[in-house]
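If you're matching them up, the sequences are chains A and B in order.
All residue numbers for the first sequence refer to this note's numbering, where the first residue is 727 and numbers rise by one.
All residue numbers for the second sequence refer to this note's numbering, where the first residue is 727 and numbers rise by one.
Since the hints were derived computationally from the structure, they do not count as laboratory data.
All values reported here derive from a predicted model rather than from experimental measurement.
Do not take every clue at face value.
The list treats identical chains as one, so a pair stands whether inside a single copy or across any two.
[Stated by the list, open to error] Pairs of lysine-lysine residues, derived as BS3-like cross-links and limited to a Cα-Cα distance of at most 30 angstroms, are as follows: (1) LYS798 <-> LYS846; (2) LYS798 <-> LYS820; (3) LYS846 <-> LYS820; (4) LYS746 <-> LYS820.
2 protein chains.
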Amino acid sequence: MKSLCAELERTWHDEIPISKAMGIRVGEFANDRLVVRARLEPNINVHGTAFAGSLYAIAALCGWGMTWLQLKVHAIDGSIVIADGRIHYDRPVKSEIVATCRFAADEHATALARLKTDGKTRFPLECSIEANGEIAARFGGDYAVRLEKRRS
Amino acid sequence: MKSLCAELERTWHDEIPISKAMGIRVGEFANDRLVVRARLEPNINVHGTAFAGSLYAIAALCGWGMTWLQLKVHAIDGSIVIADGRIHYDRPVKSEIVATCRFAADEHATALARLKTDGKTRFPLECSIEANGEIAARFGGDYAVRLEKRRS
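Next comes chain A alone, as it looks inside the complex (with noise of 0.2 angstroms):
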């Protein structure tokens, strides 16, 4: 698990550039739970809090690291891009930006195996934001992955 939170990490470093200037971090995967990390500095606003933007930008990569980290574990080959996705706001962050996104397996078994089926599914995902032990925000997104050729 470890070796993939690597590989996803350095995924979004090197394709993604603003995920490094935003100072995101693969915090821990175990299976049905990812955590996604980003110091408040680089992603402040004009309140000296988390910029909204960040905010959606970390939790949207939390949901698609989820759908990368998933198709990893069942040797997978597939694209992933959001099709969709939403946030509410409900308090200002004023410290380190922690994002979490749960995948619980036997909610999404139908539409993995339509993956294997049809070569094409959605997963409905939520994650979301705490600060101080409390619930700062609340993402859902729509994540559409398309099969790709193994490469041999």
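We have chain A; now place chain B onto it with these hints.
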């Protein structure tokens, strides 16, 4: 209008460092229409197109900027935060990112009046992102504004 646009861009780059990393620039402002631009390169993703998180952030700042400009035009000192945002991605952006927000004064007259009487209000705003003349993403955000004491 030009000096207001320059002040808005300076505010973003000075106080929201990630907006500078994204290369966000104020394109033009003409009362009811604000255009915000960013080069593709710093906002690229694993597919070589614009990162969904950057598209959201740029659209969200376009709406925030429109609110900021409207307050300036009406000589109101207010604090603006986005309370809620949603975006639908229609197609990938493979060139410069161009976000446009329109502010229909008659549509927002009641919300503006409420700010003066109640000291707070909300502006629901929509922004679109175009690529090669086609809509690439549609964004909606609710901007909460509170009056600030006028600085003497």
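Now the hints, each set against the structure:
1. LYS798 <-> LYS846: For LYS798 and LYS846, only the intra-copy Cα distance (16 angstroms) is at most 30 angstroms; the inter-copy one is 48 angstroms.
2. LYS798 <-> LYS820: between (34 angstroms within a copy, 27 angstroms between copies)
3. LYS846 <-> LYS820: between (39 angstroms within a copy, 23 angstroms between copies)
4. LYS746 <-> LYS820: both (20 angstroms within a copy, 21 angstroms between copies)
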